[in-house]
Amino acid sequence: MNNKTPPQEVNSAVVHPEGDLVAARLPALRAQLQEMVGAGVIHLTLDLGATRMVDSAGIGLLISAHNSLKKAGGELTVIGVSKDILDLFRTMRIHQHFSVSGSQGL
Amino acid sequence: MNEPNLDDEVILEYLAECREHLTTIEADLLSMEQSGAAIDEQLVNRVFRAAHSIKGGAGFFDLHKIKELGHRTENVLDLVRSGQMIPNSEIVSILLLAFDKLRTLILDYADSNNADISEFTEALSRLAEEHLEPDQKHSTQETLTISIPNGRTPISASVFDIEQARRAGKTVYVIEYDLINDIQRRGQTPLEVLNNLMKCGEILGTEFDLESAGTLDQEPSNTLLLNVLYATALDGYSLSQVLALRPERIHHITNDGAAKSLETPAAVSAPHFASDEPAASDEPAALHEPAAVPARAPAPAAEHAEGAPKPPSAAQTSQVESTVRLNVALLDSLMTLAGELVLGRNQLNEAVRNGDKEGITAGAYRVSLVTSELQGAVSLTRMQPVSSLFAKFPRLVRDLAAQLGKEVQLKLEGGEVELDKTILEGLSDPLTHMVRNSVDHGVESPAARVAAKKPALGTVILAARHQAGQVVIEISDDGKGLAGDKIGASAVAKGMITAEQLLRMSENEKQELIFMPGVSTAEKLSNVSGRGVGMDVVKTNLDRLGGKVEIDSAPGRGSAFRIKLPLTLAIIPSLLVSDSGERFAIPQVSVGELIRIPADQIEQRTDRAGDAELVLLRDRLVPLLYLCDALGSPRPERGSRALNIVLVDSGTIEYGLVVAELHDTVEIVVKPMGRHLQGLVEYAGATILGDGQVAVILDVAGLAARAGLARGGNPSVAAPLAEEDRTGELRSLLLFQNAPGEDCAVPIELVTRVERVRAAQVENLGGRRTMQYGGVSLPLVALHDVAAVDELVETQQWVVVVFDCAGQTLGLLAAEPLDMLETRVVMDTQTLRQPGVAGSALLNGRTTLMLDIFELAGKFRRPGPEKSVAAAPPSLEVSAPSVTILVAEDSDFFRGQIQRLIEAVGYRVLTADDGQSAWEMLDSHAGEISLVTTDIEMPRLDGLGLTKRIRADSRFDHLPIIALSTLASEEEMAHGISLGLSDYQVKLDQDQLLESIGKALSGTELRKAPVTA
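First to last, the sequence lines map onto chains A and B.
Numbering (this note's numbering) for the first sequence: 46 to 151.
Numbering (this note's numbering) for the second sequence: 6 to 1018.
FYI, nobody ran anything at the bench for these hints, they're computed from the structure.
Please note that the accuracy of each hint is not assured.
What the hints assert, rightly or not - Cβ-to-Cβ under 8 Å is the rule here; a few derived chain A residues that face chain B:
no., residue
1, Met98
2, Ile108
3, Ser109
4, Asn112
5, Leu133
6, Met137
7, Ile139
8, His142
As the list claims (entries may be wrong) - According to the in silico footprint, chain B covers these stretches of chain A (three or more CB under 8 Å from chain B):
no., region
9, 74-80
10, 99-107
All C-beta atoms in this analysis are idealised placements derived from N, C-alpha and C, irrespective of residue type, glycine included.
I would like the entire structure built from these sequences, with the hints used as guidance.
Printed below as a string of structure tokens:
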């Protein structure tokens, strides 16, 4: 459950990656995000509700997405983050760069 | 008035009072902490009053900052006094730091109004506000931004956090991680890596280099840079080891917030990265530690640097006092003596005027008497109780123990013993270092103590007492003691001594090697004790004070370091000698004995070894140093003159100083050498003798150093070692001959004893040789029994090299000459390989057969030794091998040794020459292998990497893995175990290895759960 209302504007989108953000799965997601940004989405929300693990490349992708969106004047929002991953993000202070919120009100 | 009136005597009085308050406060705060909720009101009141009177006075003198800090401290103490706040260790720590700061401010009171105390006042106010939740994480608005030299994204963190980490004795580093290359490509996840980091320290802050990730429309970046601000007790080198990061990627953050990249001095060719020269990696990693020291030695100047205030740690608070409080009675007696002296002078003047010879004698006598009394009284004014020095240690021990997770109590004894002020001041640093050592290396962790059936609470005793006109200060602990062997091995590895010398050393001599520069015990990793001061520096400092240090340590029981000090420095008893027409003084404390060798015995009692001259003293050979050589004057004609030798001990080396004449022992007054002469290490100072002549005081350590004397009097041995070919493994070998001209070698660690025998002593029974040895019959094997080599001949001097081989004692017949050699061996395992011969190597320019004892023993055990042996492959025909063990080891030599050792007890062995091939072998023989032994340092995939890979595979999570390493520190062992190693064994203790294998296979040894995130 998350408290975030899905953005309504055309230039907004929510993506629900299936499974973990690990190197093997990234090319597809990367392509998907790239396409969305290319199509003018600048307010992108990633729902990591189904994600249990994020590896280094996964973090790389999140930051790339953040960089792209910021350049376009928008922002990245990550929601539904599990506790472990949230801890990781907090330790890495990734949440200082884009909004990160957890599942179950974490 | 805005400026404090600095000339006022009243203020000096106030400051002296403050200092007095502050000396007792530390002890009081510590006992407050101990009593916790059950506060001792008197105690708290005393501390409170101290804070209060410091504050009160400061207000009067317009010392605003002192007043404010005093006030905040008082507030917190008031809460404690009223029972609203329970003094836990965090609160006490903050209070201690506040009082530390007060001390600093008071010391430099004139400038105190410009000091920045915000950090302390904030911490104190926060305490006062949030005292109900004292455990809450602190955060301050004040942040420090740290840039690292390569100009990447700066990183900021709370000053409070950084300071708190520093106060806990940690060092702050910025680690440059590349998430892709350092983590992803090593098969790790960031979570694992961060969790690992948090195990050995604290992450204070992190900062991504967002740019490095690129954008979505770019190719996925192959770097992702993350800077981590990290506080840990590890030193930089160990850190780079643990993290497997190059030292350049780790920056030490100095107290003033500057970043210094860990330099990579030549010595730090970190094993992890030296994969192209695997042989070098057999050196114990910990021995590199001293090389990393300069990078983390805190710059003392930083104390006064701009920026955030740096509270001195307890160790650094030993300020040199500029005033001394004197007993009035002592002053009175000084005055009386001065009066006596005047009377004596008058008497003398009178007698001289009258030419009254008797009167002159009487007057001189009187003056002399008064002078010595005066001397005594004046030196008394410089005497201070050692309690003033001891006072800082309870705090030091508390902080250290907390930080190391140990339980340690410090007992102080003999605080009333007095010592010269100069000595006390000079003693502060060495003593601090030694107490640190005791807590850090001596006392074990509570778990280890309980396991060793000792109370969990360790004890460190700091005691002072008078003994034979000297003061003895003893630092003792009931910890694990000094491991002479490890120290010895370290000294050998450093090339300070040879393996041969080490063998001849007693346990105590080995322990004393710790005073040699660069020598460390393998455990010495933490920066708690590091601090850039080794025991050699302690020794040097003590030498400067005229002190001696002795070690008394029993493994498992504890260690005691005994420092013997003269009562005062200025006047020392010395032996006068003369040579080349000059007189010299040798401090009595360095003189061991005087030896006079009559001219007709010189030939028999002295000897030459290379360039060195030696004298036979009872059962020892002691190197000789001719003082005239050191002075550069010609040696007198030997002729019929006796040899006068002063046996001196410089602390690290004992030698005989040959002088022309010996004179009296006198008390001399030490005068320092002029500045232009201070570079002369041979001299410690000068003195004026009774006849008005100047005599130079010899520095026996400096003389030895200048003359190049080394311990054991064999300076030529150590040096070439270091210059030898750096390839190959560093091995200690016993060299001997088989048939004349056939040189053989075995690793020295396998040899139990070497005995000389006559051919006639060897009994030949049914084709088997034995001899009587220690009351039992020792089976003997000769190399020609198993290998195609020539037989020993009777004209040689036979020896039996006794081995202990897989539980069996075995003698190998060999012949002299014997030799011992420590060298790097590059072994050829092809050309001369045959049963019993592992291969050959070129040693001292001769081709030498490297014997394989296990194979020899194995061959021997089989009835009817095979005579017809060509280059047969090693036999695997062990009866029904039920268990297979995989041996991963990159060194051919060790691999063969381990293989045959394990085969000798009946297991099947598969071998792999690095981690990668071990993994491949394991993968293809998944079901067969019951146990893995692995070297740590290997090319391609190291032992730890292999372990991780094995543990990550569900097929092998039950598989015991035993690491075999040359020397491993506890830290490394712990790290290995945490990765899933079942056991850590030292290469190559056969019995222990077999025992460990046995245990692991029988399942009695529970494997620690692997740590994987």
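- Query: Which of the stated hints cannot be reconciled with the structure, identified by number in ascending sequence?
  - Reply: No hint contradicted; all consistent.
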